[in-house]
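J.: Model the full assembly from the supplied sequences, consistent with the hints where possible.
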Amino acid sequence: MDPILMLLDKNARMPVDEIAAAVGKTPAEVEETIAGYEKAGIIKGYKPIVDWERTGRPYVTAQIAVKIVLNGKMGFDDIANLLASFEEVETVTLTSGAYDISLTVSGKTFQEVAMFVASRLSPLEGVQSTSTSFQLKTYKERGILSEEEQDIREVRV
Amino acid sequence: MDYSRILSRTIQEVKPSGIRKFFDLAAEMENVISLGVGEPDFKTPWPVRRAGIRSLEEGRTWYTANAGLKELKIEISRYLKRRFELEYSPDDEMFVTVGGSEAIDMCIRTLVNPGDEVMVVQPSFVCYGPIAQMSQAKVVPIATKAENGFSLTAQELREAITPKSKLLILPFPSNPTGGVMTRAQLEEIAQVLRGTDIMVLSDEIYAELTYTGEPHVSLASLPGMWERTIVVNGFSKAYAMTGWRLGYACGPQPVISQMLKMHQFAIMCAPTVSQMAAVEAMRSCDGAIQEMRDEYNMRRRLMVDRLNKMGLTCFEPRGAFYVFPSIRITGMTSAEFCEALLHSKRVAVVPGDAFGACGEGHVRISYSYSMEHLTEALHRIEAFLKERGIHA
Numbered sequence: 001m002d003p004i005l006m007l008l009d010k011n012a013r014m015p016v017d018e019i020a021a022a023v024g025k026t027p028a029e030v031e032e033t034i035a036g037y038e039k040a041g042i043i044k045g046y047k048p049i050v051d052w053e054r055t056g057r058p059y060v061t062a063q064i065a066v067k068i069v070l071n072g073k074m075g076f077d078d079i080a081n082l083l084a085s086f087e088e089v090e091t092v093t094l095t096s097g098a099y100d101i102s103l104t105v106s107g108k109t110f111q112e113v114a115m116f117v118a119s120r121l122s123p124l125e126g127v128q129s130t131s132t133s134f135q136l137k138t139y140k141e142r143g144i145l146s147e148e149e150q151d152i153r154e155v156r157v
Numbered sequence: 001m002d003y004s005r006i007l008s009r010t011i012q013e014v015k016p017s018g019i020r021k022f023f024d025l026a027a028e029m030e031n032v033i034s035l036g037v038g039e040p041d042f043k044t045p046w047p048v049r050r051a052g053i054r055s056l057e058e059g060r061t062w063y064t065a066n067a068g069l070k071e072l073k074i075e076i077s078r079y080l081k082r083r084f085e086l087e088y089s090p091d092d093e094m095f096v097t098v099g100g101s102e103a104i105d106m107c108i109r110t111l112v113n114p115g116d117e118v119m120v121v122q123p124s125f126v127c128y129g130p131i132a133q134m135s136q137a138k139v140v141p142i143a144t145k146a147e148n149g150f151s152l153t154a155q156e157l158r159e160a161i162t163p164k165s166k167l168l169i170l171p172f173p174s175n176p177t178g179g180v181m182t183r184a185q186l187e188e189i190a191q192v193l194r195g196t197d198i199m200v201l202s203d204e205i206y207a208e209l210t211y212t213g214e215p216h217v218s219l220a221s222l223p224g225m226w227e228r229t230i231v232v233n234g235f236s237k238a239y240a241m242t243g244w245r246l247g248y249a250c251g252p253q254p255v256i257s258q259m260l261k262m263h264q265f266a267i268m269c270a271p272t273v274s275q276m277a278a279v280e281a282m283r284s285c286d287g288a289i290q291e292m293r294d295e296y297n298m299r300r301r302l303m304v305d306r307l308n309k310m311g312l313t314c315f316e317p318r319g320a321f322y323v324f325p326s327i328r329i330t331g332m333t334s335a336e337f338c339e340a341l342l343h344s345k346r347v348a349v350v351p352g353d354a355f356g357a358c359g360e361g362h363v364r365i366s367y368s369y370s371m372e373h374l375t376e377a378l379h380r381i382e383a384f385l386k387e388r389g390i391h392a
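The listed protein sequences derive, respectively, from chains A and B.
Each residue of the first sequence is one higher than the last, beginning at 1 in this note's numbering.
Each residue of the second sequence is one higher than the last, beginning at 1 in this note's numbering.
Simulated from the structure, these hints should not be mistaken for lab results.
We put the CB at the ideal spot given by N, CA and C, even for glycine.
Relax, there's no trap hidden among the hints.
Derived, one-sided and incomplete: chain B residues facing chain A with beta-carbon distance under 10 Å:
hint : residue
1    : S34
2    : V37
3    : E39
4    : D294
5    : E295
6    : R300
7    : R301
8    : S368
9    : T375
Dumping the calculated BS3-like pairs for lysine-lysine here, alpha-carbon to alpha-carbon at most 27 Å:
hint : chain 1 : residue 1 : chain 2 : residue 2
10   : A       : K10       : B       : K43
11   : A       : K137      : B       : K43
12   : A       : K39       : A       : K25
13   : B       : K309      : A       : K10
Listing some non-contacts, in silico: residues in chain A with all C-beta distances to chain B over 12 Å:
hint : residue
14   : G36
15   : K47
16   : R57
17   : M74
18   : D100
19   : Q111
20   : R120
21   : S133
22   : K140
23   : E141
T.: In structure tokens:
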């Protein structure tokens, strides 16, 4: 994998001149490469990883597994795209296993997410069943631990 | 009691490590950001830890054979062949030690008579001289130069050799400089050594950590060198296994058998759990080593680039995980620089003269830290230089 992507994946705010130094290229070359990734849709965007629990903002997230029955009119892609169009829905992925589509949905309260499932998701044509799991506590997200790991090496030399 | 009259004169004459003194000072201060450590920041790869746990679960908690688990020695033998074209029989040409450090100790004690000269290539890790001193040897430092990439030249070696020369300590890739020896450079050293009785302790603990695309070359793989070389290596640096304390020594049977005798009396055997884990390391961790090497390499490039831009001239280190910039531009000694940086910016680096007198004018900076940690430390060093009008 391109080391530029590896570095950005760890820290999307790493300055271009530091990336350039680390990979042995010029800042202009790095900028060009990143712009290329953005244009090609390989880099889709940059967002902070926010620990909402610590901000006090009312925020709940649920993982919802959805089982689909195809009725001939709509395929998986159509249903997935429809689900993606709901603003409560953060991620939509087609999955293998007992269910077909996995969603993450967020809202201010458990009630709000539950209402989404009951009134918007379940009645949809093609949705046979759903299984909702609310996230209670996040320990690690996108490779980043919620509790920062300390350097506990004892010998300093 | 007057212990100075009781304690061995030899041990009292051994000077304590210059690194330790400095870091005792740093340890007393708060919010110090250290660039001092000499061990990987990575955790031991999970399959290796798992193998250690399994060995405990199975109750494998007895001694192993003095020379180490046969299974492990076979893996080491295969590994050295695969990676460095080295041929050692697992039966009588190697044994497993408590870290590379024990192998160094046993090797020097086994070869050196009182009055023998031990040539130590410097700047280098701090242990060789004191151990040689314990054998009543005369330590002969060989100073390498930044303009030669801190490699040993044939000329420097020739000038150090006397009729009393017994052992050359060749520690490459180098802690603290990051210097390496290429095959061509080693061949020049081999030409000086051929036809002499000088033995070589080749400390290759950083062999897996080289960054120029050319793999590490062991002196022992050159014609006529196998019979005079003891190769010391281990698991600490390559596999991020420092705390497991596991290394090994390889060499001709007559030397290894005598080293093993000492090992048997002093140590018995290396820790069994560590040996079980190390078998797994050798079998399944080539990929993990590559990932760590790639990460170190990015940090290395970043450090060299930034330090050079700040005016701390830095030759490009090609191995290990240290940079060794010159701080002469500041007009300070290494010790003064380190103390001033520690007091004013709370950044701890190691004075170069801790690794031999020729390290004066340099400092050792370890990059075995996360990128965020390194960039924060670099910002502080930059501010330190700016405040002194050194860096624009």
